[in-house]
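Construct the complete structure from the given sequences, taking the supplied hints into account.
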Amino acid sequence: MVDNRLIVALDFHKTEDVKQLVNTLGDSVSYYKVGMELFYSEGAQVISFLKEKGKNVFLDLKLHDIPNTVAEGLCSLMVQGADLVNVHASGGYTMMKTAADRLKKAAADQGIACPKLIAVTILTSINEADWQGLGMTCTIGEQVVRLAKLAKKAGLDGVVASPQEASAIREACGPDFLIVTPGVRPAGASIDDQSRIATPASALQNGATHLVVGRPIRAAENPKAAAEAIIKEMESVK
845 MVDNRLIVAL
855 DFHKTEDVKQ
865 LVNTLGDSVS
875 YYKVGMELFY
885 SEGAQVISFL
895 KEKGKNVFLD
905 LKLHDIPNTV
915 AEGLCSLMVQ
925 GADLVNVHAS
935 GGYTMMKTAA
945 DRLKKAAADQ
955 GIACPKLIAV
965 TILTSINEAD
975 WQGLGMTCTI
985 GEQVVRLAKL
995 AKKAGLDGVV
1005 ASPQEASAIR
1015 EACGPDFLIV
1025 TPGVRPAGAS
1035 IDDQSRIATP
1045 ASALQNGATH
1055 LVVGRPIRAA
1065 ENPKAAAEAI
1075 IKEMESVK
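What the sequence shown shows, in the numbering used here, is residues 845 to 1082, in sequence order.
Note that these hints are calculated values from the structure, not bench results. Beta carbons: idealized from backbone N, C-alpha and C, even for Gly. Keep in mind that a hint or two might mislead.
[What the hints assert, rightly or not] BS3-like mimics (lysine-lysine), calculated; alpha carbons at most 30 Å apart, straight line:
(1) K863 / K993
(2) K960 / K993
(3) K997 / K1082
(4) K996 / K906
(5) K895 / K941
(6) K949 / K858
(7) K899 / K941
(8) K1068 / K996
(9) K899 / K996
[Stated by the list, open to error] Computed beta-carbon distance windows for the label pairs:
(10) P1019 / G977: 32 to 42 Å
(11) T983 / Q889: 35 to 45 Å
(12) E986 / G1018: 33 to 43 Å
(13) A1069 / E916: 36 to 46 Å
(14) S1011 / W975: 35 to 45 Å
(15) L978 / I956: 35 to 45 Å
(16) N1066 / A952: 22 to 32 Å
(17) T981 / Q954: 43 to 53 Å
Right, here's the structure in full:
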């Protein structure tokens, strides 16, 4: 029943908790997200565990610094085996292009597969009040599309964005551009700290290529059943 479009967020501090969830989900889930909370606590060992289990890994560290620092940081992370890595699009065109070019060259020089590189547009926790507080004059949606187009121009493979902006990104950036969407909640689930959300089916219908889901699976009484219910809903959208 596995669907590579589903990425389960491993929002834990300890590898033991990761192992328990991954073993519980078994063959139902093939793709996992390792974020700051887990990576800063446990480091590369958690990636090694997931790769040994035959899983794909989205290393979600959202690098944002001067171009050289981000590029070299990504090259250091690449050797740990992640399949998908990211930066903040707000770092600008030069930062993103330097990162993409350097990462591809390093992979070629080392003879290893280059991870896909995507850019975070606007965090899905940001609502209109937060946005206005930043002094922005355009809408969130307008800025998301602007950043997505900039990421594509810089040679990145896609973006992280709210499912609410996915259709506009798809129209602006074409059919092969990755759109990874957090803020996905099955009908009736708690929205937690997300603001711009959608159900799995609607996110895919809007143009998302991958859905990141954490608490609705992790906190479920039966995580495997929760994951498979989401996959079943996803399978209705091809």
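Verification of the supplied hints:
no.	hint	result
1	K863 / K993	violated (38 Å)
2	K960 / K993	holds (17 Å)
3	K997 / K1082	holds (28 Å)
4	K996 / K906	holds (17 Å)
5	K895 / K941	holds (28 Å)
6	K949 / K858	violated (33 Å)
7	K899 / K941	holds (28 Å)
8	K1068 / K996	violated (35 Å)
9	K899 / K996	holds (27 Å)
10	P1019 / G977: 32 to 42 Å	holds (36 Å)
11	T983 / Q889: 35 to 45 Å	holds (42 Å)
12	E986 / G1018: 33 to 43 Å	violated (19 Å)
13	A1069 / E916: 36 to 46 Å	holds (43 Å)
14	S1011 / W975: 35 to 45 Å	violated (20 Å)
15	L978 / I956: 35 to 45 Å	holds (39 Å)
16	N1066 / A952: 22 to 32 Å	violated (44 Å)
17	T981 / Q954: 43 to 53 Å	holds (44 Å)
Hints 1, 6, 8, 12, 14, 16 from the list above are not met by this structure, while the remaining hints are.
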